[in-house]
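Asker: Protein sequence lines correspond, in order, to chains B and S. My numbering puts the first residue of the first sequence at 1, with every later residue one more than the last. My numbering puts the first residue of the second sequence at 1, with every later residue one more than the last.
I should point out that these hints are in silico values taken from the structure, not numbers from a laboratory. There could be a bad hint or two in this list.
Derived contacts from chain S toward chain B, CB cut-off under 10 Å, selection only [what the hints assert, rightly or not]:
{"id": "1", "residue": "Ala475"}
{"id": "2", "residue": "Leu477"}
{"id": "3", "residue": "Ala653"}
{"id": "4", "residue": "Thr659"}
We treat Cβ as the ideally placed atom computed from N, Cα and C, and that holds for glycine.
In case you want the letters, here they are:
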Amino acid sequence: MQQHEDPKAAKQIEFVTLVAGGQSFCIEITQIREIRRWTPVTLLPHSPPYVLGVINLRGAVIPILDLAAKLGFRAIEPTERHVIIIISVEERIVGLLVESVSEILGINSDMVRETPRTEEDESTRAINGIIPTGDDMIKILSLEALLPTKLATAA
Amino acid sequence: MTDIAILDAFFEECEDLLVALSDGLEHMREGKADNETVNAVFRSVHSIKGAAGAFSLEDLVSFAHIFETVLDDVRSGKLGTDDTLLRVLQRAGDILADLVDAARDGLPADADQVDPVVAELQSFLGADGLVEEEFVFEALTLAFDSAPNTATYQVQFRPSREFYATGNDPTLVIAALQDLGPCTVRTLNGDLPQDFADFQWDEGYLTWQVDVADQQNDLAIREVFQFVDDLCDLQIAEAFGDETTPVADDDAPEAALSPETAGPMPETAQEPVVERAETEDAPAKADKPAKRPASTLRVDPERVDRLINAVGELIINQSVISQRIDEAGLPNSAELHGDLDDYKLLAREIQEGVMAIRAQPVKPLFQRMLRIAREAADATGKDVNLVTEGDGTEVDKIVVERLADPLTHMIRNAIDHGIEKPQDRTNAGKPATGTLRLTASQRSGSIVIEIIDDGAGLNRKRIKEIAVSKGLISADLQLTEQEIDHLLFAPGFSTAAEVTNLSGRGVGMDVVKTAITALGGRITISSTTGQGTTFSITLPLTLAVMDGMIINVGGQTMVVPISSILETIRPTDADLSRIGLHSQLLRIRGDYVPIIDLAERLGVRSSSETMTDRVLLLIQTEAVTQCALAVDDIFDQRQVVVKSMQGSYGEIAGISGATILGDGKIALIIDPDAIAAAPTTELKLQIQAQREVAHAAT
Chain B
1 MQQHEDPKAA KQIEFVTLVA GGQSFCIEIT QIREIRRWTP VTLLPHSPPY
51 VLGVINLRGA VIPILDLAAK LGFRAIEPTE RHVIIIISVE ERIVGLLVES
101 VSEILGINSD MVRETPRTEE DESTRAINGI IPTGDDMIKI LSLEALLPTK
151 LATAA
Chain S
1 MTDIAILDAF FEECEDLLVA LSDGLEHMRE GKADNETVNA VFRSVHSIKG
51 AAGAFSLEDL VSFAHIFETV LDDVRSGKLG TDDTLLRVLQ RAGDILADLV
101 DAARDGLPAD ADQVDPVVAE LQSFLGADGL VEEEFVFEAL TLAFDSAPNT
151 ATYQVQFRPS REFYATGNDP TLVIAALQDL GPCTVRTLNG DLPQDFADFQ
201 WDEGYLTWQV DVADQQNDLA IREVFQFVDD LCDLQIAEAF GDETTPVADD
251 DAPEAALSPE TAGPMPETAQ EPVVERAETE DAPAKADKPA KRPASTLRVD
301 PERVDRLINA VGELIINQSV ISQRIDEAGL PNSAELHGDL DDYKLLAREI
351 QEGVMAIRAQ PVKPLFQRML RIAREAADAT GKDVNLVTEG DGTEVDKIVV
401 ERLADPLTHM IRNAIDHGIE KPQDRTNAGK PATGTLRLTA SQRSGSIVIE
451 IIDDGAGLNR KRIKEIAVSK GLISADLQLT EQEIDHLLFA PGFSTAAEVT
501 NLSGRGVGMD VVKTAITALG GRITISSTTG QGTTFSITLP LTLAVMDGMI
551 INVGGQTMVV PISSILETIR PTDADLSRIG LHSQLLRIRG DYVPIIDLAE
601 RLGVRSSSET MTDRVLLLIQ TEAVTQCALA VDDIFDQRQV VVKSMQGSYG
651 EIAGISGATI LGDGKIALII DPDAIAAAPT TELKLQIQAQ REVAHAAT
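All chains, please: the whole structure from these sequences, using the hints.
Answerer: Given below as structure tokens:
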């Protein structure tokens, strides 16, 4: 890994794969702070439908988003089996509710393919690459694209 | 630590010195000056000059020098302190503060401001003094060499055990210093053990003292020590004529720059005052207590914030335990409850103690206002005497910082619009000199700051006309005096008929109000025609903890700040009357106040018609009018720790923050002002816009 001649030299990257809205996605592991089981949230008034509310994470108030709803799929009915992925993006800490977390996927960076151009919608905009795996593929979520600025802006 | 950080320490020190200077000048003006006061003033200016010299801040140095020369003549009795001189000295003090500010911002000095004062100062020195001044000035900088702006630096370093262990050699360091310029090297062996048995073979006992001449600044010297400066006790000081202005080593900028060491005490260079901080990330440490009359501690604010957070958790934990014990319903729990009360008291005490760390007296802030008032009075040709009271009152550091701009604005306003011209005052049978009082006091859990002028009072007719002409209100609207006064805070309002240089730059009182509200405070006006106007600012003691009423709104637990609740009411049918399609009014002591259904307003659930099974919180808001918030239930009243939501989520209409309750659940904190201020439709529009923005952002 010490060679610098080729800037595109394959790098080992690790992703956590998850299921939201029945499809598989993955998030780079360095952006994930922790993974916890669903706990009831405190509702926020006037929030957009994909904002479930806030939870207390060891003294910090963390907003929880329904990843499926955020991507334009049907909202998840949260139960004990569902999982919250606590992510940290641009200094903000946010929890994403997903249907399940599957595995940690270690790949070389040259395995990441560019997203083929398709019709743009909520979910394709938040994808910045795909990883082919056997007979399936996993979509890489760009958290920066998913959560661009503050979740709610002062009116 | 970088040079920037050392420079920051210098500016912090300057703040203190400027306060001392301003204090001293104020005493002199009141005629209470003794020799000690004049000396203190002289020392402040002198210390600023000395330290500024070390950073090559030439504008500052040359001005401070002339200032100091005049003060020296005052000190030696050559110059008498009459009113003219005092006035000039005070202006010189202001200019010095300006120069410090300019140096901090890296801006050039404003010659138009500085030069007249320099000329006035020089006029006191006379022709004789001028020559002498030039001479003294040169003697200071040219003492050792004819090259301009060079100085001799005294470097003192004592290599540690690690220095030698890592294969460094002091002779190489000394050789590198010799490359920079002529050096005088001394070896100090005072630390060698008396008894040979105590001698550790690998310990560094020797200290070298090297005087390096002909240096522009200490950067080249620091570079020599770049790779070893954490391996030795290093002190670099500028030898400044017969005195020494130490430039701080990484670990002790505040100690080295304190006025005592910057003063004429050559011996400080010989005794290293450097103490190694124990922890790795220890940017802050205690000043030397020995020489300071009031010893202070400079602490990284982040450490205090961590402590405050931890104490917040302690308070939460305390309420968890109380709740659990209550639920358990233990028999014979009287003693336990006594202990629990003690715990509660202790937790409060710790919390108050921790908050006190962040608290700062408002004195420096008020002193700045003295200056603002002088400038404003000069600019408007009015005679104004600003009297400050309660400047020992302590307020959270953030509050002190954020109050500066609003207060500046209000003081200027009061002088520009409030206080009349001397002639008008005399005609009105008032003393020609107007009095502006700036007071701070602590009243039942809040800080009250008042700005009281004895001017003409608010011109309500004019205010109303302007509000109408600007389309803020309709002409036929009937308003109470109070409501008219509060029009001042409406965005885009400015009373000055013509825009003056001072106020009325389009920044109105609404900006002041916004700043105060952001601090969780409130501002009110009262005014009597012909007698003056009083602005009162009420601020919470701390920003981190508040007393809250825990309520239930549509199944959600929420908190309303106690400070805004006047009373709680369980209404009967007789107290309620309908108005319009949905609205209801509460009759209370012959008055009618609107009822706001909190659950509906927050969108938690749609309105339920019955009010009689609800609890009404009568609240007082900035909009002067009272209103009643309908909530489902009241649980408790307790201290809550305020957590901001803005970092992770953004603002929510009607919500000011969140807190964590005893059971670990989050409760949102209601912002009563926002709830009462926004009529339902407007709020709905806001929410709509908010949602659209949030959607568009995806």
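Asker: Determine for every hint whether it applies to the structure shown.
Answerer: A quick look at each hint next to the structure:
no.: 1; hint: Ala475; verdict: 30 Å, violated
no.: 2; hint: Leu477; verdict: 26 Å, violated
no.: 3; hint: Ala653; verdict: 6 Å, holds
no.: 4; hint: Thr659; verdict: 9 Å, holds
The structure is inconsistent with the numbered hints 1, 2, although it conforms to all the rest.
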